[in-house]
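S.K.: Given chain A, put chain B with the ligands in place with the hints provided.
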Amino acid sequence: MNTILPVENNDVLPALRSFLKRLMNSGVIEVLLVPLEHGEGVMPALVTDPALLDSANPLMPLMSINNARAVSAITGKHTPAKIGVVLRPCEIRALIELVKLQQASLENLTIISMDCPGTYEIPDSMAKGTWKQASNLSAYLDAAKEGKEPDIDGLSLRQACQMCIHPVPENLDIHIHLFGVDVRRGLPVTMKDEIAAVLNLTEGEAGGGESVPFGHDISEAVARLMAGRQKVREEALGHIHQKMTSNDSIASLFASCIRCHNCMTACPICYCKTCLFKTAAFDHEPEYYLNAAHRKGATRMLGDTLLFHLTRLNHMGASCVSCGMCTSACPSDIPVGMIFSAVGEQVQRVFDYVPARM
Amino acid sequence: MCSGAVDPVYILKPLLDGADGVLIGGCHPGDCHYQTGNYKTRRRYVVMREILKNAGFDDKRVWLRWISASEGQRFAETVTEMVAALKELGPSPMREVWAV
Ligand code: SF4
Ligand code: SF4
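Each protein sequence line maps, in turn, to chains A and B. When we follow the numbering used here, the leftmost residue of the first sequence carries the number 1, and every step to the right adds one. When we follow the numbering used here, the leftmost residue of the second sequence carries the number 1, and every step to the right adds one.
No wet-lab data here; the hints were simulated from the structure. Keep in mind the model is a prediction, meaning the values are calculated, not measured. Worth double-checking, as some hints may not be accurate.
Which residues of chain A face chain B? A few of them, derived with a C-beta cut under 8 Å, are [said to hold, decoys possible]:
{"#": "1", "residue": "273"}
{"#": "2", "residue": "276"}
{"#": "3", "residue": "300"}
{"#": "4", "residue": "307"}
{"#": "5", "residue": "311"}
{"#": "6", "residue": "343"}
{"#": "7", "residue": "346"}
{"#": "8", "residue": "350"}
Computed list of chain B residues with no C-beta within reach of chain A, every gap over 12 Å [stated by the list, open to error]:
{"#": "9", "residue": "23"}
{"#": "10", "residue": "28"}
{"#": "11", "residue": "37"}
{"#": "12", "residue": "54"}
{"#": "13", "residue": "55"}
{"#": "14", "residue": "63"}
{"#": "15", "residue": "76"}
{"#": "16", "residue": "82"}
{"#": "17", "residue": "84"}
Idealized CB from N, CA, C, for every residue including glycine.
Here chain A stands alone, though its shape is the one from the complex (with noise of 0.2 Å):
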């Protein structure tokens, strides 16, 4: 069912705040996971206090973690509440993965997300203070109205967004659009017809007259972000193949690595409870070292970090969604996301799988 919210003095964030409010205030959900203002940024919050929605704001292209696994978290054999998460098409992706991983449940979840034009590296918008002003937010909804690659504050995508081929969500209950629309004037919404019943919601509602925006623009203005990006990523992964292959293998592109494991902790997919490279297993004995320095001539030190990386493709590589959150959290500026693409990418064309797809 598509319907669309009024909006008021041209804001967008009370329209959405109270439509939150409504979905829980009718008994559609009782919990909601959504980002709060927080700092000057935003936190995912459980929230069970419509009251608090007041602060909520899925409309900061901040992502501070993929919300996938906060979803695993709270979600599992018996999922205790009818529980809504406000998600992005990655994290929903990633936790389509989980689900079949059966280290997460959709059952009794509302998934509520919106088209997504991208989302930025937090310390980058923090040294500015983009989001405090409320003409850069106009400006990236703006972009996504014409799909066009938003340009704020001379701020750059996350890597991991400037190549997303992705950004309308799958598999979810609620999309809000932003892609080809003009969410001023009226936030256009698709939901499942049930849940649309019990919000008393109507085809059309609040229209105010205009047209309903669900035609080409939509498509259009998709089509268009999309046939830029997709170009993005081939060459950027393209990129990273030739340097695995021509060069010295992947070893040349983790030369920085610290084995921090932040990678590992920011990504959504690698689930192990308990992670090989978080016990004592790598705590070699002296001569081990001294071993390998003599059979290699020397040894990096800092040891077995290909091992990690290569590990870590085996075990979820065919699943990489892409998220770039491995990026983001890398402090040595590996491309991590991309390198996990490009592998993931081969191992996924070799048994034809495509992760996220149900």
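M.R.: For chain B with the ligands alone, coordinates are given in the frame of chain A:
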């Protein structure tokens, strides 16, 4: 140990330590004591070779062969065959300072 319990890390560790090759022996398809262990191995093996190849390494250094515990003769033949093949490939480039 069931070949289905061979985590990729057991193959990668010797390779990165400089071994010229790693042989995984598993029971014949249909013969798994745990029903499906060797089928899991087979899938993991495909994944591992694809990753090694894409990461810029030689995927021909890892072999998976169906050899059950009672097939001593077959085991000996396979090892001889593998040693010959590895000699042809030469020493592993992973026996290198930064490949750890
Ligand atoms: S986050 Fe970066 S430095 Fe840390 S282990 Fe991963 S690749 Fe290495
Ligand atoms: S490896 Fe990186 S890009 Fe892939 S799913 Fe994990 S965090 Fe996302």
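S.K.: The structure should be examined with respect to each hint, and the outcome stated for every one.
M.R.: We went through each hint and held it up to the structure:
1. For the restraint placing residue 273 of chain A at the interface with chain B, the shortest Cβ-Cβ distance is roughly 15 Å, beyond the 8 Å limit, so the hint is violated.
2. With 8 Å as the threshold, the beta carbon of residue 276 of chain A comes within range of chain B, its nearest partner Cβ sitting at about 6 Å, so the hint holds.
3. With 8 Å as the threshold, the beta carbon of residue 300 of chain A comes within range of chain B, its nearest partner Cβ sitting at about 5 Å, so the hint holds.
4. A cut of 8 Å between beta carbons decides the hint on residue 307 of chain A: the least distance to chain B is about 5 Å, and the hint holds.
5. Because the closest C-beta pair between residue 311 of chain A and chain B is about 5 Å apart, less than 8 Å, the hint holds.
6. Here the hint on residue 343 of chain A is kept, as its CB sits about 5 Å from the closest CB of chain B, short of 8 Å.
7. At its closest, the beta carbon of residue 346 of chain A sits 5 Å from a beta carbon of chain B; the interface hint therefore holds under the 8 Å criterion.
8. The restraint placing residue 350 of chain A at the interface with chain B holds, with a minimum CB-CB distance near 5 Å, inside the 8 Å limit.
9. Residue 23 of chain B, annotated as away from the interface, keeps every beta carbon of chain A farther than 12 Å; the closest lies near 18 Å.
10. With a minimum CB-CB distance of about 23 Å to chain A, residue 28 of chain B clears the 12 Å threshold, and the non-interface call stands.
11. At the 12 Å boundary, the C-beta of residue 37 of chain B stays outside the reach of chain A, the nearest C-beta of that chain being 17 Å off.
12. Distance check for residue 54 of chain B against chain A: the nearest CB is about 5 Å away, which does not clear 12 Å, and the non-interface claim fails.
13. Distance to chain A contradicts residue 55 of chain B as a non-interface residue, since its nearest Cβ pair spans about 4 Å, not more than 12 Å.
14. For residue 63 of chain B, the shortest C-beta to C-beta distance to chain A comes to about 17 Å, beyond the 12 Å cut-off, and the non-interface label holds.
15. Every C-beta of chain A lies more than 12 Å from that of residue 76 of chain B, the closest at about 27 Å, which supports listing it as non-interface.
16. The non-interface label for residue 82 of chain B is consistent with chain A: the shortest C-beta to C-beta separation is roughly 21 Å, beyond 12 Å.
17. Separation of residue 84 of chain B from chain A is adequate, the least Cβ-Cβ distance of about 23 Å exceeding the 12 Å criterion.
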